[in-house]
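Colleague: The residues making up each chain are set out below.
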Amino acid sequence: MEDIVICSKCETPQKRVKLKKGERAICYYCGSELYKYIPRLREKILVSSLSGFLMMLLGLIFPILQFNIGGMSKDFNLIDTIKFLIENGYLVVGVFTLFSVVLFPLIFFFLVIKLNFLADKKALEIITHLQEWMAFDIFVVGILVAMIKIFSYGEIMFSVGFVGFIGAFIALFFLTSIVKVEYYWELYYKNV
Amino acid sequence: MYRRCKHCNAVNLKDSLHCKRCGGELKYTNNLSLAFGIAGLFFYIPANIYPILISKKLAKVYSSTIIDGIFALWSEGDYPIAIIVFLASVLIPLIKFLIIFYLLYSIKFKKCEFYKFKVSLYSFISVSGHWSLLDVFVVVVLTGIVSFKMMSVLPGSGALYFLIMVILTILSVKYLDLRELGEKCAKSKES
Chain Y
1 MEDIVICSKC ETPQKRVKLK KGERAICYYC GSELYKYIPR LREKILVSSL SGFLMMLLGL
61 IFPILQFNIG GMSKDFNLID TIKFLIENGY LVVGVFTLFS VVLFPLIFFF LVIKLNFLAD
121 KKALEIITHL QEWMAFDIFV VGILVAMIKI FSYGEIMFSV GFVGFIGAFI ALFFLTSIVK
181 VEYYWELYYK NV
Chain W
193 MYRRCKHCNA VNLKDSLHCK RCGGELKYTN NLSLAFGIAG LFFYIPANIY PILISKKLAK
253 VYSSTIIDGI FALWSEGDYP IAIIVFLASV LIPLIKFLII FYLLYSIKFK KCEFYKFKVS
313 LYSFISVSGH WSLLDVFVVV VLTGIVSFKM MSVLPGSGAL YFLIMVILTI LSVKYLDLRE
373 LGEKCAKSKE S
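Going down the list, the protein sequences come from chains Y and W. Letter by letter, the first sequence follows residues 1 to 192 in my numbering. Letter by letter, the second sequence follows residues 193 to 383 in my numbering.
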């Protein structure tokens with residue numbers, strides 16, 4: 001069964017072929033992409049996961065934005081906001097944000113880093129199921145929309161944390177959208 | 193003969209109960225998808241009726257629903273953002289429910305016509321599902337930024353209903369198994 005691939009769009013089984021640099025395999029029935037050749041994938045995954053993890057820590061430790069209005073100033077920090085939500089009775093919203101925006105992406109980055117040094121089937125299983133519950137990218141877009149909403153009321157200044165969030169956003173985009181979950185299995189499962 | 197694991201895309205024998213690679217379940221779970229879809233639809237109504245955002249300015253309290261927020265953005269001239277919020281928070285959730293029920297109907301009654309279109313619809317709801325969370329996160333960010341003694345923003349009860357609705361639709365899409373229709377249609381293609 002190792003030489004068979006099933007199209008994820010139309011469920012048509014077909015023979016797996018070995019690809020060269022720049023090539024991608026296409027389903028003969030529906031034309032959607034089956035898999036592609038990504039050169040130096042292991043190195044790219046290691047670099048993205050390490051930088052993503054560090055950038056995310058930066059975004060969580062330092063304030064993301066500073067909002068000035070009528071002589072008052074307020075730093076926006078995600079952890080403080082989640083703490084505020086939980087303490088003020090918005091438990092579901094606070095806990096969901098904590099898991100989908102902070103904990104799951106951090107665990108994901110950590111496990112991908114770990115795979116590079118110690119391949120572990122459990123880690124691969126967690127990565128597989130964790131991806132659908134991460135909402136970090138949407139949260140970053142949410143920051144931008146919120147900024148536009150309050151833009152006319154006061155002055156908004158970017159802080160160090162914002163740079164961290166953007167960096168983590170780019171790394172996570174590569175690790176979840178470009179590198180599909182089956183690539184992790186194909187790359188690391190044989191080492192388990 | 194073969195069945196694809198929808199979690200890790202590994203090729204398994206059709207009779208297997210669990211994926212040989214990631215251990216994920218291989219059986220179809222469309223009944224569960226229907227249950228989550230119906231539950232999510234119930235929460236769509238309070239999510240749009242109750243205020244998603246409560247703003248306090250001195251002694252005055254203002255509350256606004258999703259629709260109010262879109263109208264406010266539109267009246268201030270932020271047309272692209274108003275359109276994005278309208279799409280992500282109002283239109284896409286509604287279209288998603290329609291697509292989920294249409295696909296479940298097609299699977300149940302083996303409707304193989306427009307199969308490629310149905311696959312595209314499934315891809316659309318898989319990708320767009322999480323983006324409905326945008327409004328909830330905008331409220332979370334505003335709560336964090338606008339938090340002064342004289343002025344503050346807090347999530348309204350609509351935000352909770354909206355979040356529950358999005359989680360239920362994500363679960364509904366997760367358990368919606370188009371492979372069942374794909375295999376049925378592949379059989380009819382062969383015969």
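In short, the hints are calculated from the structure, not lab data. One or more of the hints may lead you astray.
[As the list claims (entries may be wrong)] Taking CB as the label site, the calculated pair distances span: (1) W:S344 <-> Y:I148: 29 to 39 Å; (2) W:S344 <-> Y:T12: 52 to 62 Å; (3) Y:I107 <-> W:F234: 43 to 53 Å; (4) W:K252 <-> Y:E33: 28 to 38 Å; (5) W:T221 <-> Y:E155: 30 to 40 Å; (6) Y:S159 <-> W:F234: 37 to 47 Å; (7) Y:L57 <-> W:I237: 33 to 43 Å; (8) W:S255 <-> Y:R42: 21 to 31 Å; (9) Y:K18 <-> W:I230: 45 to 55 Å; (10) W:V253 <-> Y:T12: 35 to 45 Å; (11) W:V253 <-> Y:K36: 31 to 41 Å; (12) W:S208 <-> Y:R42: 41 to 51 Å.
Glycine included, each C-beta is placed from N, C-alpha and C at the ideal position.
Colleague: So, for every hint listed, does it hold in this structure?
Modeller: Quick rundown of the hints versus the structure:
Remark: the range hint 29 to 39 Å for S344 of chain W to I148 of chain Y is contradicted by a beta-carbon distance near 20 Å. A hinted range of 52 to 62 Å for the beta carbons of S344 of chain W and T12 of chain Y is consistent with their spacing of about 56 Å. In this structure, I107 of chain Y and F234 of chain W break the distance hint of 43 to 53 Å, their C-beta atoms being roughly 32 Å apart. Evaluation of the 28 to 38 Å hint for K252 of chain W and E33 of chain Y yields a failure: the beta carbon distance comes to about 55 Å.
For T221 of chain W and E155 of chain Y, the Cβ-Cβ distance of about 51 Å falls outside the hinted range of 30 to 40 Å, so the restraint is violated. Distance hint for S159 of chain Y and F234 of chain W: a CB-CB separation of about 41 Å, consistent with the stated range 37 to 47 Å. Roughly 41 Å separates the CB atoms of L57 of chain Y and I237 of chain W, a value that falls within the hinted 33 to 43 Å. At roughly 52 Å, the beta-carbon separation of S255 of chain W and R42 of chain Y lies outside the given 21 to 31 Å, and the hint is violated.
Range check, K18 of chain Y to I230 of chain W: Cβ separation about 46 Å, and the 45 to 55 Å hint holds. Judged by the Cβ atoms, the range 35 to 45 Å given for V253 of chain W and T12 of chain Y is violated: they are separated by roughly 58 Å. A beta carbon spacing of about 54 Å between V253 of chain W and K36 of chain Y contradicts the range 31 to 41 Å that was offered as a hint. In this structure the hint that S208 of chain W and R42 of chain Y lie 41 to 51 Å apart at CB is violated, the actual value being about 30 Å.
Going down the numbered hints, you'll see the structure goes against 1, 3, 4, 5, 8, 10, 11 and 12, while the others check out.
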